[in-house]
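Asker: These protein sequence lines are chains B and W, in that order. Throughout the first sequence, residue numbering follows our numbering, covering 1 to 409 in sequence. Throughout the second sequence, residue numbering follows our numbering, covering 1 to 409 in sequence.
For the record, the hints were derived by calculation from the structure and aren't laboratory data. Quantities reported herein were computed from a predicted structural model and do not represent experimental measurements. All C-beta atoms, glycine included, are put in the ideal place defined by N, C-alpha and C. Mixed in with the good hints, there may be bad ones.
Listed next, the stretches of chain B that the computed footprint assigns to chain W, with coverage defined by at least 3 CB atoms under 8 Å from CB atoms of chain W [as the list claims (entries may be wrong)]:
hint, segment
1, 50 to 59
2, 94 to 103
3, 158 to 166
4, 366 to 375
Computed cross-link-like contacts, DSS-like style, restricted to lysine-lysine with a CA-CA straight-line distance of at most 27 Å [what the hints assert, rightly or not]:
hint, chain 1, residue 1, chain 2, residue 2
5, B, 72, B, 383
6, B, 383, B, 360
7, B, 37, W, 399
8, W, 72, B, 383
9, B, 254, W, 286
10, B, 286, W, 254
11, B, 33, W, 399
12, B, 376, B, 361
13, B, 288, B, 376
14, W, 376, W, 228
15, B, 254, W, 288
16, B, 254, W, 254
17, B, 254, B, 369
18, W, 72, W, 33
19, B, 249, B, 369
20, W, 286, W, 228
21, B, 376, B, 360
22, W, 360, W, 376
23, B, 72, W, 72
24, W, 369, W, 228
25, B, 354, B, 338
26, W, 383, B, 72
27, B, 72, W, 399
28, W, 399, W, 369
29, W, 254, W, 360
30, W, 228, W, 254
31, W, 360, W, 249
32, W, 33, B, 288
33, W, 383, W, 399
34, B, 254, B, 286
35, B, 399, W, 33
36, W, 37, B, 399
37, B, 360, B, 254
38, W, 72, B, 399
39, W, 249, W, 369
40, W, 376, W, 361
Residue strings, one per chain:
Protein chains: 2
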Amino acid sequence: MRESLTGNLLIAQSGGPTAAINSSVSGIIVEAKQQSKVGSIYGAVNGILGVLNEELVDLRQEQSSTISMLRKTPSAALGSCRYQLCEDDYSRLLQVFVAHDISYFLYAGGNDSMDTAHKVAQLASERNYGLNVIGVPKTVDNDLMVTDHCPGYGSVARFNAIAVRDSGLDTEAIYTTDTVKIIETMGRDSGWITASTALGKDGVDSAPHLIYLPERPFVTTRFLADVKSIYDRLGRVVICVCEGLRDEKGEFVKASAKQVDTDKFGHAQLGGVGDYLVNLVSENLKIKARCDKPGTIQRVSMTCASQIDLDEAYLVGQVAISQAVAGESDKMVTLIRKSNEPYQCETGIVELEKVALRTKKVPNEFISKESNFVSKQFLEYAKPLIGGPLAEYAHLVRKTVERRLSARS
Amino acid sequence: MRESLTGNLLIAQSGGPTAAINSSVSGIIVEAKQQSKVGSIYGAVNGILGVLNEELVDLRQEQSSTISMLRKTPSAALGSCRYQLCEDDYSRLLQVFVAHDISYFLYAGGNDSMDTAHKVAQLASERNYGLNVIGVPKTVDNDLMVTDHCPGYGSVARFNAIAVRDSGLDTEAIYTTDTVKIIETMGRDSGWITASTALGKDGVDSAPHLIYLPERPFVTTRFLADVKSIYDRLGRVVICVCEGLRDEKGEFVKASAKQVDTDKFGHAQLGGVGDYLVNLVSENLKIKARCDKPGTIQRVSMTCASQIDLDEAYLVGQVAISQAVAGESDKMVTLIRKSNEPYQCETGIVELEKVALRTKKVPNEFISKESNFVSKQFLEYAKPLIGGPLAEYAHLVRKTVERRLSARS
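Hey, can you work out the whole structure from these sequences and the hints?
Answerer: Shown next, in the form of structure tokens:
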């Protein structure tokens, strides 16, 4: 641990917005105000770009009611970016840190952002500039190494569990016409988000019926057989797929660019994997299918946010600044699960280089052996993260009235 | 008004599921139990198909806690259908009504279902069978004639207002990479649902920025000019479009079937209007765009339901059975707005033939003169229906820290 510094704090947010990342910023600010070694509290507008552009805002000027309300405000209040540092940027970054007497730099984001934070920490160290850099984990993708899970994930998981349960009831009601429903979730490289839809399943025959993750190659014949088997049994199928699904050759499962190019009318862009599978089912099984794709709505839904997620996001923010002031640097705060029932989590800390640019995939034991659903272990892992049970719905017993006529001809 | 009947009640649900249609069924059952002239209370499984197939369930056997919970259960608990009656069906229907001594038939649905109800009422009348038929309005599309609005609409409107507000914050945060967002809502023939996204706009520069309804022909050049104009001013654009958008020739705005057919690789199905516009923007304006398409999730979201909508759905159910028992038939219950502030609505009743198969479009005065947004009058009309204001979010004042360096080179 480095010697303890005194100076200003700079906070920045990066990558895809979430329901919980502002809660982390709220936790950082509230805790920073308690720390006598922290002078000014600055925010960079649009992540590291705001540092490069010297676009800083003074967060001590915000009302405390605003800071408190950040705990319930989705997206990224300071603005975000996706930006990879290039060689020319380093001197500029250091200039900005020096000019504003920054001693603490906190960066909230995913594995790319942790790489940026790591590079900033190394730069400061090489140039002998006293800067404590701490990464604040944030990603709906839940794919950061070492930490048990990532703030942002519990909320997107709750959104998807609710959406798929509701949408499953929809299919159950109208299966006489809308028979197959495909729900495409986010997740470019890992299937954590798609897997979370299983938390919406509240009965053996209820949705989702099939779940496909990018951790397993997508095999068309097996997929069609899976769909047909459920369809033959129930007359309806709800299928959740990851936008990042890949085939056995490692290529994204969607109508390929080649197909589009051959279209002499020009440049029509085919839909993603959801639309592709709708077509596959319609063509091959002659069953009507449709696709829902909540897109970015899923990652910033505050109405469906997990309270546990919001609270943990706040906590990692608090811990991040405490650790920075205590002298830690080039580290990321982690969550460590202590027990599952009752659910208890503590924070820890890990070197940024163990997290930067790496992706935690959904492990084998969380995927069903048929590769078309999740396992019981996954449900045990994910259930506490969504912050309590879903709302209870009515289920009619549907006591049959005795027939008085012969069957309809 | 016909003479008053005594006998059994049959309830059925039809068309697309909603957040509110079960609330109507709950209202019907609770009220029916108060009516001494109502004997058994039956439900038909999957709408008129359940009548034809004599698949009836006894709703007096359900626990009253279940009936009460229907007020908060989305989709269609009795099952739904999309089925057009054919000539052969009429005798069968009458057989079923006679066999089960049905005196009251209540059908919840949209304009197709009101046509079915109308035909059933006419059939009974022609054959001198005593049957009082009342239509219970239900459609997220909000396109039934005569009634001020339709149960189901307030909830889908609230979902979309919330989704677009949240998703707009997302774009605001990450506009440095995700610049244009297109949100495709439901609505085949009318733009009521798409229009409701405007209720999510909480500032002059906040989302949505552009709204396109099927009531106006879509003109590509004008659309691109609209998008560019907002982009040049704000650096980001959130656009809400209706799945049923049509061009000047009346054809759906999406990559046409012809394009797909010319693809020698076969039968790839292009996405809908949202994906099409993503491509249009990327190709012509060279700006990165993405599409969210909540699909059926929007119509069955209980988490985002409007309490006013759920309550009105319950009320029209109660009124439907009261009117049937009082001797009305071949009618639909309507909602009549008495005042806007405070919002007050009463019920009325109208002949089914004035509603059947007709579509109420969004009127001219509800659409902006540029045809790319809604008017103030629309907002006044729709605002009370979503059941109270959206949750408050934090807005940072972002007090700028004075620059100490020259601009980044």
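Asker: Do three or more residues from the segment 158 to 166 of chain B put their C-beta atoms closer than 8 Å to C-beta atoms of chain W?
Answerer: Our answer is that it holds, as 3 residues pass the Cβ test (under 8 Å) against chain W, meeting three.
Asker: What's the verdict on residue 360 of chain W and residue 249 of chain W, does the C-alpha distance respect the 27 Å limit or exceed it?
Answerer: Since the Cα atoms of residue 360 of chain W and residue 249 of chain W sit roughly 21 Å apart, the hinted pair holds (cutoff 27 Å).
Asker: Tell me if the straight-line CA distance from residue 72 of chain W to residue 383 of chain B falls inside 27 Å.
Answerer: 23 Å, holds
Asker: Is residue 383 of chain W close enough to residue 72 of chain B, meaning Cα to Cα at most 27 Å?
Answerer: The given pair, whose Cα atoms are some 23 Å apart, holds under the 27 Å limit.
Asker: If you draw a straight line from the CA of residue 37 of chain B to the CA of residue 399 of chain W, is it 27 Å or shorter?
Answerer: 22 Å, holds
Asker: For the segment 50 to 59 of chain B, does the count of residues with a C-beta closer than 8 Å to a C-beta of chain W reach 3?
Answerer: That given contact holds, which follows from 8 residues of the segment 50 to 59 of chain B lying within Cβ reach (below 8 Å) of chain W.
Asker: Does residue 286 of chain B lie within 27 Å of residue 254 of chain B when you go C-alpha to C-alpha?
Answerer: 19 Å, holds
Asker: With the threshold set at 27 Å, check whether the alpha-carbon distance from residue 383 of chain B to residue 360 of chain B stays at or below it.
Answerer: Holds. Residue 383 of chain B to residue 360 of chain B sits at ~19 Å (cutoff 27 Å).
Asker: So is the segment 94 to 103 of chain B in contact with chain W by the C-beta rule, three or more residues under 8 Å, or is the coverage claim wrong?
Answerer: It holds: at least three residues are needed, and the segment 94 to 103 of chain B offers 4 whose Cβ sits within less than 8 Å of chain W.
Asker: Would you check the hint for residue 399 of chain W and residue 369 of chain W, treating anything up to 27 Å between C-alpha atoms as holding?
Answerer: Given pair residue 399 of chain W, residue 369 of chain W is violated - Cα atoms ~37 Å apart, limit 27 Å.
Asker: Hint check: residue 369 of chain W vs residue 228 of chain W, CA-CA at most 27 Å. Holds or violated?
Answerer: Distance ~19 Å between residue 369 of chain W and residue 228 of chain W Cα, so the pair holds.
Asker: With a cut-off of 27 Å on the C-alpha distance, tell me whether residue 72 of chain B and residue 383 of chain B pass.
Answerer: With Cα atoms ~21 Å apart, residue 72 of chain B and residue 383 of chain B stay inside 27 Å; holds.
Against the hints set out earlier in the document, violations occur for numbers 4, 13, 28, 32 and 33.
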